[in-house]
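Generate the whole structure from the sequences, applying the supplied hints.
As a plain string of letters, each chain reads:
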Amino acid sequence: MTTTGTTAEPVVQVAELSKTFRGHLGIGRHTAVDRLSLSVSPGEIFGLLGHNGAGKTTTLKMIVGLLRPDRGSVRILGRPPSDPRARARIGFLPENPYFYDYLSAEEFLDLYARLHGLAGRARRSRIEATLARVGLAGCGRTALRKFSKGMVQRLGLAQAILHEPALLILDEPMSGLDPVGRREVRDLILSLREAGHSVFFSSHILQDVEMICDRVAILVRGQLRALGRLDTLVSRRILWFEVSVAGPLPASLPGERMSSSGGETLLKVADVDDLTRVLSQAAHSGAQVTSVWPRRETLEDLFLREMAREEPRGVGQEIKP
Amino acid sequence: MSTERHGPGAAGALAAIAVNTFREAIRDRILYLLLVFSLLLIVASRLLSFMTVGDEEKIVKDLGLSAIAIFGVLTAVFVGVSLVFKEIEKRTLYTLLASPVRRWHFVAGKYLGLMGVLAINLVLMSAALFLLLLVRGGSPWGLAPALVLTLVQLALVTSFAILFSSFTNPILSAVGTLAVYVVGHLSWSFDLLKARLPAGAPRWICDIVHYLLPSLDRLDVKMQAVHGLTLPSGYVLVGIGYGVCYSLAVLVLACLVFERRDFT
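Residue numbers (the working numbering), protein chains in the order written: chain A, 1 to 321; chain B, 1001 to 1264.
Calculated from the structure, these hints are not laboratory results. In this text, a Cβ means the ideal position worked out from N, Cα and C, and glycines have one as well. You can trust all of the hints, since none of them are fake.
The list that follows gives simulated cross-link-like pairs (lysine-lysine, DSBU-like), each with its CA atoms no further than 35 angstroms apart: (1) 1222(B) x 1058(B); (2) 1194(B) x 1222(B); (3) 1090(B) x 149(A); (4) 146(A) x 1090(B); (5) 149(A) x 1086(B); (6) 146(A) x 1086(B).
Quick list of simulated restraints, FRET-style, between CB atoms: (7) 1186(B) x 16(A): 48 to 56 angstroms; (8) 122(A) x 1230(B): 54 to 62 angstroms; (9) 16(A) x 1259(B): 22 to 30 angstroms; (10) 1043(B) x 124(A): 38 to 46 angstroms; (11) 1260(B) x 51(A): 29 to 37 angstroms; (12) 1244(B) x 132(A): 40 to 48 angstroms; (13) 1259(B) x 309(A): 38 to 46 angstroms; (14) 125(A) x 1033(B): 37 to 45 angstroms; (15) 1027(B) x 183(A): 33 to 41 angstroms; (16) 180(A) x 1260(B): 41 to 49 angstroms; (17) 1249(B) x 304(A): 53 to 61 angstroms; (18) 1026(B) x 122(A): 21 to 29 angstroms; (19) 1032(B) x 124(A): 27 to 35 angstroms.
Below you can see the structure in the form of structure tokens.
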């Protein structure tokens, strides 16, 4: 089974990773991650998808060394997560981060700059540049207790990229951001890839993943259900057409009526043959076709399909182009 | 793109975490509340001395040293037990441990930061007491050994606070740390207990518990300082050595516990 995207040395390599947790009052065990194998190549944006409780955060925590796997192995940049030399080259943003509210943004980043061994004057200039990069220029002296959720998220990104890491590991980086903030984070991730960084992030916002990821993995109840390039996982074939028609509709018009308002009806038309008939009959009856929208397969369709499937088929199998 | 960087090294990591802990503690209002109460008590000892029979200077010294010890211990316990727990609870720890610091750096850095706060507290409170005595024409210098050994006691109590806080919640940590403090001051009673126990296993167990728990009463020389009694030669140095070794052993245990923890 091949799980790598390219032949280059992976920046993250996870093999047969498993983690279970004790249940309430120590009774029973719950499997959070089950025999997960995947790898992230240098310069790649990799998205880990899954519903809440699918095992995304547990996986990321095992990768950065906050949790110890029950079974399996993790290598980041060729080293185990317990090795500080590996962690020196990663940046990590946890889900819903909370930082020391008694510090100012500058003091907070100064702590992390020191922990990464950045010295003296370079440290100060790096902090200023990083604050500007995440859209927090001018907020350096502000106490973190006065930060909004979105500002805290940006600051979390700032501490993750402060030391120019080779690999960024981000847990739900768009969480808590407004649409403008989400776009800015997407752009930041893309610019990091341009600069040669690798990004491994988890999300349940499929639109964001679809827009920026090179490869994705879908986790369902801790098991890997799909792994591969987006263009191979999602066929982009046309599933149906959505046709909007204004005016009186002939009774024999093919297609399922999805909705109707303001004299306009939305039809779901199965294929090109039916579409041709709809256009022709509408023209003869005096109705006006106002839009035709081909509905293609999306990541959401794939995700929902995998969610609905009970048992995994060939766990961890990558779909090759 | 990143260059090969190996992090700050042990000294740099310890210093960064200790400074941050120090900052956290000195920006905590509880600390100021305790400090103000202790300073008030030291000043109030002057008033109390008017109302009691005995040597006024001795009463001021006795109350002053007791206030310094009690408020030092309260700070060590109530700030110490929440230091590590708060980092876990609020998840501020996640990004710290994902950086190139080792887990023992974190535990030791927290300890050093709080010890810095306790030392400065003790110096401030001692300065107030010394000033009070000097103004009255008394001699405060004989109190120095008692104050040094009070700091050693605080070092021991703080190490237990950090140990408990590395695996349990602040309430249980506070109860555990205060229990160690109280039992540590009653360690002389193990000799009495041992005399009442039957020979054999019960006495061995009594001895083991006695030697495992810190002998804080031996580090308490307030009475000698107040009455101007001379301590045996090298007593303070031995006390410092005992406190440093014991605290280190407790901290190593805390690091081992912390090293094995999962952060869910």
